[in-house]
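Now for the letters of each chain:
There are 2 protein chains.
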Amino acid sequence: MNPIKDFAQMTAYLQSYSERKRVVVVCPNDPHTEYAVLRALKERLAEFVLITDSHYAARVEDIRNQYPQDVEVFVVPTPDDAAALAVQMVREGKADIMMKGLINTDNLLHAVLNKQTGILPQGEILTHITVAHIPTYPKLLIFSDAAVIPRPNLAQFKAIIRATTEVAHSCGVEEPRIALLHFCEKVNEKFPHTLDYEMLKECALKGEFGRVQMDGPMDVKTACDIHSGNIKGLSSPVVGNADILIFPNLEASNTFYKTITLFAHADMAGMLRGPISPVVVTSRSDSSISKYYSLVLACLSENHKSQISVNHENLCY
Amino acid sequence: MNPIKDFAQMTAYLQSYSERKRVVVVCPNDPHTEYAVLRALKERLAEFVLITDSHYAARVEDIRNQYPQDVEVFVVPTPDDAAALAVQMVREGKADIMMKGLINTDNLLHAVLNKQTGILPQGEILTHITVAHIPTYPKLLIFSDAAVIPRPNLAQFKAIIRATTEVAHSCGVEEPRIALLHFCEKVNEKFPHTLDYEMLKECALKGEFGRVQMDGPMDVKTACDIHSGNIKGLSSPVVGNADILIFPNLEASNTFYKTITLFAHADMAGMLRGPISPVVVTSRSDSSISKYYSLVLACLSENHKSQISVNHENLCY
Chain V
11 MNPIKDFAQM
21 TAYLQSYSER
31 KRVVVVCPND
41 PHTEYAVLRA
51 LKERLAEFVL
61 ITDSHYAARV
71 EDIRNQYPQD
81 VEVFVVPTPD
91 DAAALAVQMV
101 REGKADIMMK
111 GLINTDNLLH
121 AVLNKQTGIL
131 PQGEILTHIT
141 VAHIPTYPKL
151 LIFSDAAVIP
161 RPNLAQFKAI
171 IRATTEVAHS
181 CGVEEPRIAL
191 LHFCEKVNEK
201 FPHTLDYEML
211 KECALKGEFG
221 RVQMDGPMDV
231 KTACDIHSGN
241 IKGLSSPVVG
251 NADILIFPNL
261 EASNTFYKTI
271 TLFAHADMAG
281 MLRGPISPVV
291 VTSRSDSSIS
301 KYYSLVLACL
311 SENHKSQISV
321 NHENLCY
Chain F
11 MNPIKDFAQM
21 TAYLQSYSER
31 KRVVVVCPND
41 PHTEYAVLRA
51 LKERLAEFVL
61 ITDSHYAARV
71 EDIRNQYPQD
81 VEVFVVPTPD
91 DAAALAVQMV
101 REGKADIMMK
111 GLINTDNLLH
121 AVLNKQTGIL
131 PQGEILTHIT
141 VAHIPTYPKL
151 LIFSDAAVIP
161 RPNLAQFKAI
171 IRATTEVAHS
181 CGVEEPRIAL
191 LHFCEKVNEK
201 FPHTLDYEML
211 KECALKGEFG
221 RVQMDGPMDV
231 KTACDIHSGN
241 IKGLSSPVVG
251 NADILIFPNL
261 EASNTFYKTI
271 TLFAHADMAG
281 MLRGPISPVV
291 VTSRSDSSIS
301 KYYSLVLACL
311 SENHKSQISV
321 NHENLCY
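Those protein sequence lines, which keep their order, are chains V and F. Each residue of the first sequence is one higher than the one before, starting from 11 at the first, in this note's numbering. Each residue of the second sequence is one higher than the one before, starting from 11 at the first, in this note's numbering.
One thing to keep in mind: the hints can contain errors.
Copies of one chain are not kept apart here, so a pair can be met inside one copy or by any two copies together.
[As the list claims (entries may be wrong)] Below are the DSS-like pairs computed for lysine-lysine, each with C-alpha atoms no more than 30 angstroms apart in a straight line:
| id | residue 1 | residue 2 |
| --- | --- | --- |
| 1 | 200 | 168 |
| 2 | 200 | 125 |
| 3 | 149 | 52 |
| 4 | 196 | 125 |
| 5 | 211 | 200 |
| 6 | 168 | 216 |
| 7 | 52 | 315 |
| 8 | 196 | 211 |
| 9 | 149 | 315 |
| 10 | 15 | 168 |
| 11 | 104 | 315 |
| 12 | 168 | 196 |
| 13 | 125 | 315 |
| 14 | 104 | 52 |
Source of the hints: derived by calculation from the structure; they are not laboratory data. Every value quoted in this text rests on a predicted model; they were computed, and no experiment measured them.
Bound conformation, chain V alone (with noise of 0.2 angstroms):
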């Protein structure tokens, strides 16, 4: 498989699956959600589970009748009541993928936290991955925790650093370059993320994390342009060539989300990693593509992940 380079490959690959993952939605009554899932459906890139409240039965039983095949419906009391019941669905394996609608998403999370009956597994660690289609750069650029953890800790940079290069694995990055982001490229204990990223490089080097390439800290710049890095004298495999961006804390990569989307005019994509399925929650100042993408990523991701198993399997005969 080649590197996906932008998210019209991203969907044909996901084309070229002859399985299609099944997507429990969460009060599908916005415009932007609405859009994501007829496109998908009409795509036939998912099969979908619809759960919503009264109010907008009708409007939900609407997209069941275009697509009878591919869409199942529920109707609940509240919001509250959908998150619960999508959540009891992946929990039995109804469904292999939550999607975010019309309902706030500390409801949502509250529903996906619950220690007796969410999706985050004990140990486990809810992280938010991102990946975006930048113009200015010629492939995509997966970076986290843009939405979850403010100052990642070191089991939380372990846990962002997995989850990131099993997305790239699952976009065909087979041995992805890992970027560790700071201000520049000194070790300071003043700034403790520093020593982290040295302790995160030595556990690379024993393969912990599979076959990647990590370096840092550095810069933005220095990550993804070759120029900077020769400049400051600096080389090796992720210097001007990164896949994977590690922020260290939330300021960093939130000013990073909104300043490629705004300025730059990238296309996003994202999804919560941690629970046992992946959970599409874009944020309100998203777009209807930028939904879109997501859930392209969340199935794409899904179906690496049981290829593997199935991979996986076969090395056990």
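Start from chain V and add chain F according to the hints.
Only chain F this time, still in chain V's reference frame:
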């Protein structure tokens, strides 16, 4: 004066001033600095004092021979001597602006910050101001601090706001719109800068910063894109229309700087404020044109200051 919208306008505006400022350059021996100096000489934007060590004496003499009326040259034993002499000339009023060439930034700052012989008045705060022209934003965007203060405290935020506001004025923005940046709109004691933001907004309302509009916490997109603000139900004179971005930490501001440069093809100018004269210290990976724009910015900013002080003297009669 209409607000300046790009660096071509800024240069034209600078040329409209009858008085030219005098720039002392510490070791103008790298191609980028030489480009900036020669272009400014050709366009008659400033006069120069070039201080270098004997190794580069011939090259610098050559520049003087091209512009004998506008260039003075000093040859000293080492770059540190060059920095010391430059600082002395600023102290003695023989130069208005200082510019870094091929000398380590730490060595230059050592001379600038020396308590006995330096040029940072007691109680003043050293900060870095950047002015960006982003092709996808309709006006100049001023931001800070992307180079000096890792985690501004309240006093440092105030110094940053005063310095950026002064730069906005010199660019013809009479009542700058200042966005206090965070990853969301919530004030939260876990993120102490958001508490500072509350204090800063109070100070702004009381007039501490003169005629400004201030709002936050908000993210980059909310600050610079009216549509994103609308979706979130936010509106203020700042939302979607920021002139100035105040960042909570160096990781975020550096990310912004590098991201708009690399992915959005922004033109940049920057300088240190706090010392009695602006100090131009562009980074290794900045371009020649960025050094030139920084010089233009520093000259404009000093011209504006002298104009204000003239006005002020007038008021005293």
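Hint-by-hint comparison with the structure:
For the homomeric pair residue 200 and residue 168, the shortest alpha-carbon distances inside one copy (21 angstroms) and between copies (23 angstroms) are both at most 30 angstroms. For the homomeric pair residue 200 and residue 125, the shortest alpha-carbon distance between copies (25 angstroms) is at most 30 angstroms, but the shortest distance inside one copy (36 angstroms) is not. Taking the shortest alpha-carbon separations for residue 149 and residue 52, only the intra-copy value of 27 angstroms comes in at or below 30 angstroms, while the best inter-copy value is 41 angstroms. Taking identical chains as interchangeable, the C-alpha atoms of residue 196 and residue 125 lie at most 30 angstroms apart only when they sit on different chains, with a minimum of 27 angstroms there against 41 angstroms within one chain.
In the homo-oligomer, the alpha carbons of residue 211 and residue 200 lie at most 30 angstroms apart both inside one protomer (19 angstroms) and across protomers (29 angstroms), since each shortest distance falls under that limit. In this homomeric assembly, residue 168 and residue 216 come within 30 angstroms of each other (Cα to Cα) only inside a single copy, at 13 angstroms, whereas the closest approach across copies is 47 angstroms. Proximity of residue 52 to residue 315 under the C-alpha cut-off of 30 angstroms is restricted to the intra-copy arrangement: shortest distance 24 angstroms within a copy versus 62 angstroms between copies. Taking the shortest alpha-carbon separations for residue 196 and residue 211, only the intra-copy value of 14 angstroms comes in at or below 30 angstroms, while the best inter-copy value is 35 angstroms.
In the homo-oligomer, the alpha carbons of residue 149 and residue 315 lie at most 30 angstroms apart inside one protomer (22 angstroms), although the nearest pairing across protomers, at 46 angstroms, exceeds that limit. Only within a single protomer do residue 15 and residue 168 lie at most 30 angstroms apart by alpha-carbon distance; the minimum there is 25 angstroms, versus 44 angstroms between protomers. When the C-alpha separation of residue 104 and residue 315 is checked against a cutoff of 30 angstroms, the pair qualifies only within one copy, where the shortest distance is 17 angstroms, while the shortest distance between copies is 69 angstroms. In this assembly of identical chains, residue 168 and residue 196 lie within 30 angstroms of each other by CA distance both inside one copy and across copies; the values are 21 angstroms within and 28 angstroms between.
Only within a single protomer do residue 125 and residue 315 lie at most 30 angstroms apart by alpha-carbon distance; the minimum there is 24 angstroms, versus 62 angstroms between protomers. In this homomeric assembly, residue 104 and residue 52 come within 30 angstroms of each other (Cα to Cα) only inside a single copy, at 22 angstroms, whereas the closest approach across copies is 73 angstroms.
Comparing the model with each numbered hint stated earlier shows that all of them hold.
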